[in-house]
Amino acid sequence: MTAWLQKNRWFLIALVVLIPAAFVVSLIPRFFPYFADQPRPEAVELGDVVRYSGVDIQLTQLEVLDGRGFDAPAGADVVVATFSIDVIDPPEFTICDVTLVSDESGVEREWKSELFIGDYETPDYFETTCNLTDVGRYHLQMVFAVPHGEVVDPEVQVTSSDALPRVLRLS
Amino acid sequence: MPAETITSRVRTWLPLIAAAGVLAVAGVVAIPLGGWDTVVPESTIIPEHPVGEPFVSHRVSTSIDDLYLTDVHPDGYSEPEAGETFLVLVATMESETDGPEIPIASSSFYPFTIPGVIELGVALDGTSYSTLLERDGNFGPVVVPGLADTLLFVFVVPSSGFADGDVVRIGLTDATPEEADIIEGTRWVDVHIAVEVPITVRDER
Amino acid sequence: MKRRGWSILAGVALLAAAYGVTATIPSSELVKAPFGVRGAIGDRIVSQPMIVTVNEVFLADEVELDLWRGTTNGVWFVADATIAATVEREGVDVELYLDGVEYPSSSRADSSTVDGSVVDPGFPMTGPILIELPADVVDRPGARSAVLRISTGSDPRLDSVIELVIDLTQLDTDGSVELEPTRPGER
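Protein chains in written order, with my numbering: chain A, 1 to 171; chain B, 1 to 205; chain C, 1 to 187.
If you're looking for bench data, these hints aren't it; they were derived computationally from the structure.
Nothing here was measured: the structure is a model prediction, and the numbers come from that model.
Misleading hints may appear alongside valid ones.
No farther apart than 25 Å at their CA atoms in a straight line, the calculated lysine to any residue pairs in the SDA-like style are these [claimed, not checked]:
1. C:K32 / B:I17
2. C:K32 / A:S26
3. C:K32 / A:W4
From chain B, some residues computed to sit far from chain C (all C-beta separations above 10 Å) [claimed, not checked]:
4. A18
5. V29
6. E48
7. D66
8. G116
9. G140
10. P141
11. V144
12. G146
13. F155
14. S160
15. P177
16. H192
Yeah, the Cβ is synthetic: ideal placement off N, Cα and C, and Gly gets one too.
Let the hints inform the model, and build the full structure from the sequences given.
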């Protein structure tokens with residue numbers, strides 16, 4: 001056995017190197033680009049201003065309200081996220097997506113914003129949809145319905161399709 | 001030349017000799033038959049199929065039940081524009097595949113043709129037709145295997161395009177299914193009109 | 001001579017192995033098949049994108065839902081299900097398979113059925129599922145082991161889906177049934 005190993009040592013060393021190398025090379029066309037495109041969340045504290053996709057974004061308020069006080073659907077609390085948005089150097093085209101994220105139940109879950117929840121009324125001076133392409137300053141408020149008592153310390157995720165894989169998580 | 005040398009030479013060149021022999025025979029046979037050009041028939045007669053009888057294709061079975069003109073859309077509220085009217089085809093259909101079928105899905109394989117209204121390979125304007133389930137007026141029905149149901153196909157046509165008593169030859173189509181590789185599902189090849197249903201247009205206007 | 005014998009044997013064995021490998025290559029359908037999570041009526045079944053409890057199933061000749069009356073040339077398969085998303089908003093798609101033949105959920109009742117709606121994490125929705133089947137469905141192949149599949153979309157390839165095996169021959173067939181439309185919460 002030892003003689004056989006000795007005789008074939010260079011071939012065996014080549015195998016040890018080439019098999020993993022072949023595996024890595026097979027990942028190049030699809031897996032590495034896929035991995036590189038995965039969102040990379042960047043944490044931002046409440047009140048901090050961050051430049052993202054040519055826009056200055058500041059989360060000014062994040063409140064979790066008991067849904068029963070707003071006649072929300074049964075079993076729902078209302079989360080209100082308020083932003084100051086200053087579009088300075090926008091991209092030619094981008095899609096803005098804002099979702100509420102929480103991992104408090106042991107798994108990361110997310111919820112989309114609603115235009116209306118129960119009788120909670122967004123004041124008229126707030127915009128209710130995210131726009132990152134028209135230059136100017138505005139205040140944005142978005143509301144989310146979350147399961148009652150299960151979301152206490154959420155994060156707001158802001159995604160600009162033009163800025164991917166960079167993604168903001170504000171809280 | 002010794003016999004052995006000739007034999008071994010023949011053996012060496014045998015494949016070429018055989019190929020040449022086949023070609024020579026083919027050439028000789030082809031002369032009285034007019035050569036090897038593909039012959040295209042001058043006319044293709046499409047058989048007729050009766051009204052009310054199901055025709056079973058590989059995708060759906062279709063029975064043409066009625067064809068009429070109306071200014072009242074079966075949905076109860078749509079109205080034709082000036083100079084236009086509705087041509088309604090009533091047909092009973094059932095899926096003949098292993099799953100649901102959308103009757104009018106692809107312009108390359110409509111289940112039927114109506115001359116001047118719906119023809120193979122010609123895309124329909126989405127606003128120029130609608131499909132309803134006759135029993136409850138539900139839009140966009142699908143047909144499933146083993147369950148025939150009656151559908152209304154409503155086409156917007158010029159008011160003067162058809163008249164009461166006109167005989168329209170509705171073509172019922174068929175094709176050969178093949179397993180698609182790039183997309184999931186079935187690819188339909190050799191789409192053609194298999195039978196024609198002559199039906200008299202009624203005017204309910 | 002002996003060495004040649006072994007060589008021939010090895011060659012034949014390799015040929016047989018090569019044939020075996022070729023003959024057992026999984027079909028494209030199998031390679032792309034969804035990952036089914038199976039359960040029974042009444043079970044809380046959890047797949048990767050959704051949590052489903054099928055509360056009851058039966059057959060019916062006619063159904064009423066809100067203002068809509070559903071007649072059929074066949075028979076209605078009716079299920080009552082509670083569905084929630086696990087992680088993010090999902091659509092709900094339902095089919096019934098009999099021996100490989102697919103029957104989709106009906107859209108005739110519009111938004112009153114739970115399939116075709118969207119569900120969010122932590123917000124279960126309960127409602128009916130309606131599927132039109134041939135009148136002689138209990139006599140058809142696969143009727144004793146029909147598979148009810150609940151997924152997030154019309155293309156379930158490589159998706160995590162929920163499946164229940166149902167013996168249609170054992171189901172009650174009701175005449176006309178009035179159903180409750182989809183509503184938030186558990187049953």
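Checked hints:
1. A hinted pair counts as satisfied when its Cα atoms are at most 25 Å apart, and C:K32 with B:I17 does not qualify at roughly 51 Å.
2. Of the pairs offered as hints, the one joining C:K32 and A:S26 holds, with about 20 Å between alpha carbons and a cut-off of 25 Å not exceeded.
3. Proposed proximity of C:K32 and A:W4 is contradicted: the alpha carbons are some 44 Å apart, above 25 Å.
4. At roughly 30 Å from the closest C-beta of chain C, the C-beta of B:A18 stays outside 10 Å, upholding its exclusion from the interface.
5. Remark: the non-interface label on B:V29 is consistent with the geometry, its nearest Cβ contact in chain C lying 40 Å away (cut-off 10 Å).
6. Distance check for B:E48 against chain C: the nearest CB is about 27 Å away, which clears 10 Å, and the non-interface claim stands.
7. Every Cβ of chain C is farther than 10 Å from the Cβ of B:D66; the closest lies at roughly 18 Å, confirming the non-interface assignment.
8. Taking the minimum C-beta to C-beta distance to chain C, about 31 Å, the non-interface status of B:G116 holds against the 10 Å cut.
9. For B:G140, the condition that its CB be more than 10 Å from all CB atoms of chain C is violated, with the nearest at approximately 7 Å.
10. Its closest Cβ contact with chain C, about 8 Å, brings B:P141 to no more than 10 Å, contrary to its assignment away from the interface.
11. Non-interface call for B:V144 relative to chain C: violated, since the shortest CB-CB distance, roughly 5 Å, does not exceed 10 Å.
12. At the 10 Å boundary, the C-beta of B:G146 falls inside the reach of chain C, the nearest C-beta of that chain being 3 Å off.
13. In this structure B:F155 is separated from chain C by more than 10 Å, as the shortest Cβ-Cβ distance comes to about 23 Å.
14. Every beta carbon of chain C lies more than 10 Å from that of B:S160, the smallest distance being close to 36 Å; the non-interface claim holds.
15. The non-interface label for B:P177 is consistent with chain C: the shortest C-beta to C-beta separation is roughly 15 Å, beyond 10 Å.
16. Residue-level check passed: B:H192 sits 26 Å from the nearest beta carbon of chain C, beyond 10 Å.
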